[in-house]
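From first to last, the protein sequence lines are chains A and B.
All letters in the first sequence, in the order written, are residues 1 to 212 by UniProt numbering.
All letters in the second sequence, in the order written, are residues 1 to 212 by UniProt numbering.
Treat the hints with care, as some may be off.
Which copy is meant is left open, so a pair is good if it fits within one copy or across any two.
[Claimed, not checked] In silico lysine-lysine, BS3-like type, Cα no more than 25 Å apart, as pairs:
1. Lys144 with Lys37
2. Lys78 with Lys90
3. Lys144 with Lys64
4. Lys90 with Lys64
Calculated directly from the structure, the hints in this document are not laboratory data.
Residue-level listing of the chains:
Protein chains: 2
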Amino acid sequence: MTMKLHCFGESGHSYKVALTLALSSADWEPVFIDFFKGETRSEDYRANVNEMGEAPVLVDGDLKLSQSAVIQQYLSEKTGKFGGTSDAEKREILRWQIWDNHKLSGQVGMLRFLMNFLPEEKRPQEVIAFTTARVTAAYAVLDKHLAGRDWIVGDSITNADLTCCGYLYYPEPFGFDRADWPNIDAWLSRISAQPGWKHPYDLMPGNPSDRA
Amino acid sequence: MTMKLHCFGESGHSYKVALTLALSSADWEPVFIDFFKGETRSEDYRANVNEMGEAPVLVDGDLKLSQSAVIQQYLSEKTGKFGGTSDAEKREILRWQIWDNHKLSGQVGMLRFLMNFLPEEKRPQEVIAFTTARVTAAYAVLDKHLAGRDWIVGDSITNADLTCCGYLYYPEPFGFDRADWPNIDAWLSRISAQPGWKHPYDLMPGNPSDRA
Numbered sequence: 001m002t003m004k005l006h007c008f009g010e011s012g013h014s015y016k017v018a019l020t021l022a023l024s025s026a027d028w029e030p031v032f033i034d035f036f037k038g039e040t041r042s043e044d045y046r047a048n049v050n051e052m053g054e055a056p057v058l059v060d061g062d063l064k065l066s067q068s069a070v071i072q073q074y075l076s077e078k079t080g081k082f083g084g085t086s087d088a089e090k091r092e093i094l095r096w097q098i099w100d101n102h103k104l105s106g107q108v109g110m111l112r113f114l115m116n117f118l119p120e121e122k123r124p125q126e127v128i129a130f131t132t133a134r135v136t137a138a139y140a141v142l143d144k145h146l147a148g149r150d151w152i153v154g155d156s157i158t159n160a161d162l163t164c165c166g167y168l169y170y171p172e173p174f175g176f177d178r179a180d181w182p183n184i185d186a187w188l189s190r191i192s193a194q195p196g197w198k199h200p201y202d203l204m205p206g207n208p209s210d211r212a
Numbered sequence: 001m002t003m004k005l006h007c008f009g010e011s012g013h014s015y016k017v018a019l020t021l022a023l024s025s026a027d028w029e030p031v032f033i034d035f036f037k038g039e040t041r042s043e044d045y046r047a048n049v050n051e052m053g054e055a056p057v058l059v060d061g062d063l064k065l066s067q068s069a070v071i072q073q074y075l076s077e078k079t080g081k082f083g084g085t086s087d088a089e090k091r092e093i094l095r096w097q098i099w100d101n102h103k104l105s106g107q108v109g110m111l112r113f114l115m116n117f118l119p120e121e122k123r124p125q126e127v128i129a130f131t132t133a134r135v136t137a138a139y140a141v142l143d144k145h146l147a148g149r150d151w152i153v154g155d156s157i158t159n160a161d162l163t164c165c166g167y168l169y170y171p172e173p174f175g176f177d178r179a180d181w182p183n184i185d186a187w188l189s190r191i192s193a194q195p196g197w198k199h200p201y202d203l204m205p206g207n208p209s210d211r212a
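Just chain A, same shape as in the assembly (with noise of 0.2 Å):
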């Protein structure tokens, strides 16, 4: 049966997700959410897709999941990819995914839609500033932690590369500039070389020229 994922093309804990479903070839289909009108925070979603109010979800006949942790953790038991292969891997993959949506992607999403997708006027520059700073704090963390590696964890890609990469393809200003970065940078590259892997603009509908 075609899983079902919600999500939108801005969304980068989406692209994780969807991400994970391209590089593993499954039988997947995306299913537009219209976070820039609000359908995410609407009473509706909250109370019959998810009641953190967020993307993305996956549905998969009777079963749906939130949380990309948690999505990823189930398409690895399904699939049998990305997973690791040791109970140390394994917790090495949950202490990056975890890392990721607090002090990385969690940090930078907010980032980008207040940079970006706020009417200028209305941009907090403070908050903007000082959320600057503890993005740069989080790459220095990554890009130290691939110097002589390929991969975050362990000596192929796994679902840590694949939440950690999560907002850093999109093209919009948040801070970071793969230059500055030569082990991110690396490592970007790595991931897109796989088979299968695409831009998010191109993986899920949605993208900021929809908006222009």
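We have chain A already, so just place chain B on it with the hints.
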């Protein structure tokens, strides 16, 4: 062998693990991290304890684990407690752990730091107001979820409860008043009625009066 938890009293992320250990009647002891003197951000700490520059870190023999959710999951495998009883419960627990790290404890911890532990003249008021709105949205999600339930997942206390309560017993202001959130209030009383429960400042070394 006695497990060692690198932690400090003001850290709600550490408290999640310390409380899990306490309620499991595990054999453990705290190792004080001098966060307020910059210990977690030092080169030595990053090189030898946690490259992410964060607390807590659990050491169990040769094993060294970081990220509270990873440690909680490890402890559940070891003790058989708080980890859920089915695949569905395990996924639901992880879902709330990720949400907590991203939307609740992740933001509350930062907000409490800014509102209380920075010198008054250095407190970024726009960031505080912005983050207060975001944590209030998180309190609303949790309060609504707890309506008609005793515990976040299933019929007994799990790591989902022990992560989400991480910051909510602290006395300092962070935009949270138990009286505003009746379901959270009752649930916090349920947790603190568990045998072995202690307040964070009684369970871990270090508290604001040390620096007064």
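Go through the copies and call it for Lys90 and Lys64: within, between, both or neither, with a Cα cutoff of 25 Å. both (23 Å within a copy, 14 Å between copies)
Are the CA atoms of Lys78 and Lys90 at most 25 Å apart within a copy, between copies, both, or neither? Answer is both; intra-copy 15 Å and inter-copy 16 Å each pass.
When no copy is named, should Lys144 and Lys37 be tagged within, between, both, or neither for a Cα gap of at most 25 Å? between (39 Å within a copy, 23 Å between copies)
Treating 25 Å as the Cα threshold, decide for Lys144 and Lys64: within, between, both or neither. between (36 Å within a copy, 19 Å between copies)
In this structure, every one of the numbered hints holds.
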